[in-house]
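Residue numbers for the sequence shown follow this note's numbering, so the first one is 869 and each next one is one higher.
Please keep in mind that the hints were generated in silico from the structure rather than gathered at the bench.
Just so you know, not all the hints are guaranteed correct.
[To be verified] In silico SDA-like cross-links for lysine to any residue, where the CA-CA straight-line distance does not exceed 20 Å: (1) K1102 / S952; (2) K1102 / E1014; (3) K1102 / H1016; (4) K1102 / P955; (5) K1102 / P1120; (6) K1102 / R918; (7) K1102 / R926; (8) K1102 / S925; (9) K1102 / L922; (10) K1102 / G927.
[Unchecked claim] DEER-style ranges, computed between Cβ atoms: (11) H1044 / A882: 36 to 42 Å; (12) P1056 / P934: 34 to 40 Å; (13) I1077 / P934: 32 to 38 Å; (14) G984 / W949: 15 to 21 Å; (15) T1088 / A875: 28 to 34 Å; (16) G946 / T1088: 28 to 34 Å; (17) M1004 / W949: 31 to 37 Å; (18) P1056 / G927: 47 to 53 Å; (19) V961 / L1042: 23 to 29 Å; (20) A1069 / L1045: 26 to 32 Å.
Note that the coordinates shown come from a computational prediction; the quantities given were computed from them, not determined experimentally.
We put the beta carbon where it would ideally sit given N, CA and C, even for glycine.
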Amino acid sequence: MGQWNLAETTWGLAAEQYAVAVLPVGATEAHGPHLPYATDTLQCEALARRACQLADSRGARVLCLPALPYSVCENGLGFRWTMSLRPSTLFRVVTDLVASCEAHGIPKLLLLNGHGGNEFQPHLRELCRQTSVQLMLVNWWQVDREAHARLFVAPGEHADEMETSLMLALHPDLVHLDRAGNGATRAPRFTAMQEGWAWVARPWERLTIDGTVGDPTHATAAKGAAFLEALTEKLANLLVELANSLVDDWYPYQGR
């Protein structure tokens, strides 16, 4: 097939009809002293492209849209040059892109989220009644928890061993492990926060020493490549399933 990547496809060569579009959502935010600001965007778009290419090779009519490079990073603005959209702004952008997909006859859209600060569920609950496009959300870091547990030894969530390994596999020229710290964070003062049943919008510059949460020094390109392969396979399988699934009265559930 071959016309799975919209950014590199010319008008006239794009397929007349796609079954599924994939919208990667990245971010532009500080990722410690060792990873670039575009980390979330580069990782999410790379996974989306690889999964779409693999699904395309298996006969699925999928289209990878260009990645959004901005997200909700309000609590990270304490780190210089982090860029943020308000949640309502991001929702409007996604809503308009869904409308574009609807105008072009795309029946299903998979929103591939690459940034932990985005809370898309409330928006999709509202949007699902306003469009004929069937919407699905995937946070890519949740795709293969078994592979994550097998490959990575240091717990973390931001610019950590996992993200650093992926970047070593994808863009080793942009990684500066010699500058990395240990990813230490400050403990909450409230027991409820320590136990996980009270929540605050964490001011990142108070939580972290250098914008890193989790020790990145255990990262290797081999771990990143293995994790990327596992993620790509599972996401491609989902895209093939989506492409082949009829939108009927029971979608996305099995009928009677």
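For each hint, the structure was consulted:
no., hint, verdict
1, K1102 / S952, "violated (30 Å)"
2, K1102 / E1014, "holds (12 Å)"
3, K1102 / H1016, "holds (13 Å)"
4, K1102 / P955, "violated (29 Å)"
5, K1102 / P1120, "holds (18 Å)"
6, K1102 / R918, "holds (11 Å)"
7, K1102 / R926, "holds (13 Å)"
8, K1102 / S925, "holds (15 Å)"
9, K1102 / L922, "holds (10 Å)"
10, K1102 / G927, "holds (16 Å)"
11, H1044 / A882: 36 to 42 Å, "holds (39 Å)"
12, P1056 / P934: 34 to 40 Å, "holds (38 Å)"
13, I1077 / P934: 32 to 38 Å, "holds (34 Å)"
14, G984 / W949: 15 to 21 Å, "holds (19 Å)"
15, T1088 / A875: 28 to 34 Å, "holds (30 Å)"
16, G946 / T1088: 28 to 34 Å, "holds (30 Å)"
17, M1004 / W949: 31 to 37 Å, "holds (32 Å)"
18, P1056 / G927: 47 to 53 Å, "holds (50 Å)"
19, V961 / L1042: 23 to 29 Å, "holds (26 Å)"
20, A1069 / L1045: 26 to 32 Å, "holds (30 Å)"
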